[in-house]
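Student: Residue numbers (my numbering), protein chains in the order written: chain A, 1 to 387; chain B, 1 to 387; chain C, 1 to 334; chain D, 1 to 334.
None of these hints come from the bench; they were simulated from the model. Built from N, CA and C at the ideal position, the CB exists for glycine as well. The reader is advised that the hints may include incorrect statements.
To be verified - In silico BS3-like links for lysine-lysine, alpha-carbon gap of 30 Å or less: (1) D:Lys312 <-> A:Lys230; (2) B:Lys230 <-> C:Lys56; (3) C:Lys190 <-> C:Lys56.
As the list claims (entries may be wrong) - Here are some chain C residues the structure puts well away from chain A; computed CB gaps all over 12 Å: (4) Asp30; (5) Asp57; (6) Glu60; (7) Ala77; (8) Lys110; (9) Arg116; (10) Gly117; (11) Val162; (12) Leu253; (13) Arg261; (14) Ser293.
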Amino acid sequence: MTAVRNETEIDIGEAGEFAGPVPGAGAPHLPQQPDLVQLLTPEGERVENAEYPLEVSDEELRGFYRDMALVRRWDAEATALQRQGELGIWASLLGQEAAQLGAGRALEDGDMAFPTYREHGVAWARGVDPLHVMSLFRGVDNGGWNPVQRGFGLYTIVIGAQCLHATGYAMGVQRDGAESAVLAFLGDGATSQGEVNEAMVFAASFAAPVVFFCQNNQYAISVPLERQSKVPLYRRAAGFGFPGVRVDGNDVLAVLAVTRAALRAAREGQGPTFIEAFTYRMGAHTTSDDPTRYRLAGEVEEWKLRDPIARLKAYLSRSGLADAAFFEGVDAAADELAVRIRRGTVEMPDPPPTAMFDAVHAEQTPHLAAQRAQFEAYQAGFEGGAE
Amino acid sequence: MTAVRNETEIDIGEAGEFAGPVPGAGAPHLPQQPDLVQLLTPEGERVENAEYPLEVSDEELRGFYRDMALVRRWDAEATALQRQGELGIWASLLGQEAAQLGAGRALEDGDMAFPTYREHGVAWARGVDPLHVMSLFRGVDNGGWNPVQRGFGLYTIVIGAQCLHATGYAMGVQRDGAESAVLAFLGDGATSQGEVNEAMVFAASFAAPVVFFCQNNQYAISVPLERQSKVPLYRRAAGFGFPGVRVDGNDVLAVLAVTRAALRAAREGQGPTFIEAFTYRMGAHTTSDDPTRYRLAGEVEEWKLRDPIARLKAYLSRSGLADAAFFEGVDAAADELAVRIRRGTVEMPDPPPTAMFDAVHAEQTPHLAAQRAQFEAYQAGFEGGAE
Amino acid sequence: MSTELLDLPATRTLTIGKALNDGLRRAMEDDPKVVLMGEDIGRLGGVFRITDGLQKDFGEDRVVDTPLAEAGIVGTAVGLAMRGYRPVVEIQFDGFVFPAYNQIVTQVAKLHARSRGAVPMPIVIRIPFGGGIGAVEHHSESPEAYFAHTPGLKVVAVSNPVDAYWGIQQAIACPDPVIFLEPKRRYWDKAPVDTSATPEPLFGARIVRGGDDVTVLAYGPMVKTALQAAEVAAGEGRSLEVVDLRTLSPLDLDPVVDSVRRTGRCVVVHEAPVTLGLGAEIAARVTEACFHSLEAPVLRVGGYDVPYPPSKLEEAYLPDLDRVLDAVDRAMEF
Amino acid sequence: MSTELLDLPATRTLTIGKALNDGLRRAMEDDPKVVLMGEDIGRLGGVFRITDGLQKDFGEDRVVDTPLAEAGIVGTAVGLAMRGYRPVVEIQFDGFVFPAYNQIVTQVAKLHARSRGAVPMPIVIRIPFGGGIGAVEHHSESPEAYFAHTPGLKVVAVSNPVDAYWGIQQAIACPDPVIFLEPKRRYWDKAPVDTSATPEPLFGARIVRGGDDVTVLAYGPMVKTALQAAEVAAGEGRSLEVVDLRTLSPLDLDPVVDSVRRTGRCVVVHEAPVTLGLGAEIAARVTEACFHSLEAPVLRVGGYDVPYPPSKLEEAYLPDLDRVLDAVDRAMEF
Ligand SMILES: Cc1ncc(C[n+]2csc(CCOP(=O)(O)OP(=O)(O)O)c2C)c(N)n1
Ligand SMILES: Cc1ncc(C[n+]2csc(CCOP(=O)(O)OP(=O)(O)O)c2C)c(N)n1
Ligand SMILES: [Mg+2]
Ligand SMILES: [Mg+2]
């Protein structure tokens, strides 16, 4: 045996997408990528993949469109609300709707997902009220849903930390003998964090029923993928002893099929899988970010040709599965949702200041109880003084 | 493209060494391992490997034998000294002499090595006085050599931390435009640490001239390799985008050839390589450890058949490169070394207690100067009181 | 499941190490959700043998030899806790807790608050801590202040077999994360433990020796040192009241304040560096609470503000009974 | 290399952010071994634009956009320092320093001592710290006590453009590792900076307002708050002396002790949780040094012992001028 230097070099050359300075930009039509699972082309044509047969009803297909359109509308409304000072910040999912809905809908009852801070589409698929997500970005709380009940963890802002939680949760599932699986979300930037790689070590070592779902949206804030990895991210997994696969992250059907297969394998005891959903962050990193400083408009334009929603719309129209009335209905529902979100957000009451003392521990300490009491007395005295 | 689950499974099956409960035990004769670079069989026969041609003079061959024998003697003496209370603890390198001398001798002037706490053989190759290593294990200091001058970092006890230092140092070499390379030592257990994986990310991202040299001695204290990885460790590298290679760690010639090639590639700007030196910890983890609690005597016996020193001795004898006088000479030199080490260790003076204050900062703070003065006054008063 | 403990007399003389082992065993028997995790804790029984025999009796799913990665251990423990388990993590030595620091500070400590109480974090992180065993670097540290400064964590330190036996069970039963500090150089100290007694609460200080002149506070390994100092002081006609703090976060300072109001003098002892060690917080609080009773400032005896030194110097570094007595003298002379 | 700074007048009105940017630029011009490392510091210029324009002028080898891994950033900085470089690391936000904690505490802080001085560690770790900017979790924390408790590190906090401009250059020139804390919510505060002046030493406190009744200590973002409180107090006929501590490790308490001996009263203010915050150490030391002068215990105003709350609550959490004045009142009434 020999060092694999040459093999690796050849591999990189073959994949090719790292040739240009901008990832993916040299290959605006995804089918050029030989290692990408795709079931729906950017033009909206349904293609088959022998490894990933997918049966999906017309109703489900329309449902996906509806989900993605609604989530995009939510996202736009949230961005607007932030601009108007109603949110502290907003992390947009624009362009990643297919990755998130495909993955979210692959989950079954009893499964658990661990998001980053951008998985609004998955939250939607898990039935989390958008206002719970809004309350976090408004600064009212850190997300008001019950993670275990919802099968959807709280947003995790420290990059990568949730991958270990997901793996540990999966080890619990294993101990319970439950037929469930866990889906850990992470970004391309997160793959560089030590903790994420430790999660892969633990997942492999214990054959834990966890699937790592990496949305490679090409950037970690301003840093392009090449800084994190010179080889496609899905290949990271093999080095840890489990399979990796790259899917077209803007193709909701392919994402669904691939994620479903991986979750099924996990449930059946075959251990972890790493999924790289190849996608693109169409907007800024967050509302605080200015992407014109680090990427060219042309790149965004090229990715618009692969828009995940337009693609499904083209397919639905072309194949006669949906008509103008359907699309209008979705638009109307989206507008309604936006109104509900706007109203719910601007009317959201501030939490009582004492809230900060109340959930620190399950068993309140005398020290904190005293500090809380002092705080209340201080506040009261202050109000008294102001009278 | 499809998920690589099947490929991976087949690969694991092929390599085979993970079939039995005890790593390597099912394959006492290393040539059974298809992916192992070997230039000297356990029986002491020289074999060729087209990828790794090696020119080595007779003098160098005898030098390797001498090095390994002396280091082993040092190791035995240190273990004895610990038993007699002269050292706090000792981490034995027994069985890993070939891995360490092969790697150590592959280094050139200007290169830098970053050890763990077990690289006494590399220390030897770098010309570090064994007494500097002894002073660490005696508790006199943390190793008295000047790391940068010696081209040999201080022992690092926090598992894996040194891999990042090595990578950063290599980034400095790059910035200097120097034709040097850096060798980072780590154990099999260390591959699970997040920081080690981050080192691979950085090394790959910056194409830093660093070689990761992993001595897979099959155990992390009591934990066998399978807990860290189900696939051979050298494969980790490909997922980070650089080559990995497995070498017979008990074959000093193969280790030399493989490490030299990797260091050369690094110096030439080809970036990092990961070397897995497949070896075995013949002794306890440290003198505090009791390996009978977690491994069978039979396993150790099987590995004795692959002893790195016996193997080279057989080759030297068989090929007439060394005669009885040579071996006797080495034995005598080893005895002399042992005497020097013993005497130097037991006679080593304790450091002055104020030493603990003196090198905390390059610029001493008034606070610490005051604390030091108080300490001296306290000690003096105490001596005064005892008078 | 083993019934080893059932056949034994209620009161036995145990080392701290064995008391912890028995306590862990009993906790595992009482609650099938208790899972131990750590490096070398299974087959080897841990480098200090605190988990000796437990994997044999409870199996590999409940006593888990983990990969060598502390963040991984604590981070997966978080996930297990979310799934309803009660993970008990062993960090092999104090100096190796730092790779897990991010998980401890940003996740373990915060998840209950983050979820407004929906996600309890009943995780115990056991850490053998402190020096005095002649070890190499990173094996002798006292990181308690890092944790006590972190809201959301509870921190305790045991000093004797009785507290070890009960404390570990109470920490496991606690619905909040507990950093459980074990005085490694006292692992072999012995005392009778009545396993049928009703234990004292975990989060409370205890006066372990009455006295009138100076109140001496200590925890973990320094309690023994403080008691030795009190013994010597008594011989010199000076009466020290010794308090075993036991809980470092929350601190239980009520008995301390009562004591200092009586004695008017207070000395705090710990191995950690003095600067921002527990003594700082205690001095600040005790001074505020006892301002008009204090005859002298609260004095601190601790490690110097230097990295823990090579073992040949640790005797000079570590507080010992002479340094405690020196501080007592200074407090008396103030 | 740019000469941007040369063409400008010596005294300009700068924000703290711009002063840091200029200071970094000047340090890079002065010493080719200075290398900046961090996430998004290159093309983007950092999320706060502190490194704006520097990659363009000094190139990618000297202003390095790193992979997303804080341990990796600090750990490779250690290696670069060993090779003779002077790395200046940016941690994007306070709450993200913890993945690097192991490297900072076990390596950066200890390598000089470990090598008995053979290996200097001239690393600066810049951390925008503190709250008040309406951010989500982990973006508003004050981790200084974790570092000040760690022997081997030096810790400073700047409060104004002049200290920002000189301090960053002095920290870079310092042969020891410096944790350099930047008051993120004051990044846009302005003041005239004379770039031809002789700077004050980095590791010294400074009295920023004279007074007689109470000594108020603050650092970083709280200096402004303390000054505001002093202004209001003055209107009420109460005279506060305000000290900008500037250096947190080592602490420079000589001017503080002088002041407290005069005023007899002392209040410390910081955003970090009170328990084991810097105030604890200062209270302990000031009390010891000023025992017979103190009319009241040293009082602490800080964050509560809870995780930093969601932003709608941060106003209630953070010390403000009213809480400072409340503590001043309590000190006066004691
Ligand atoms: C440990 C840590 N370091 C830094 C940050 C600041 N930060 C927030 S998002 C981000 C980039 C994340 O990139 P990626 O993982 O690709 O996810 P994406 O935002 O693209 O979805 C960074 C650096 C953080 N949140 N946590
Ligand atoms: C961060 C950290 N965790 C735990 C330890 C305790 N420890 C010392 S050696 C060791 C095993 C190391 O195994 P490996 O990397 O295979 O190296 P080997 O000892 O076999 O040479 C452990 C767990 C440590 N030194 N550092
Ligand atoms: Mg990304
Ligand atoms: Mg090993």
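Student: Quick check: which numbered hints come out false for this structure?
Tutor: 1, 6, 7, 8, 9, 10, 12
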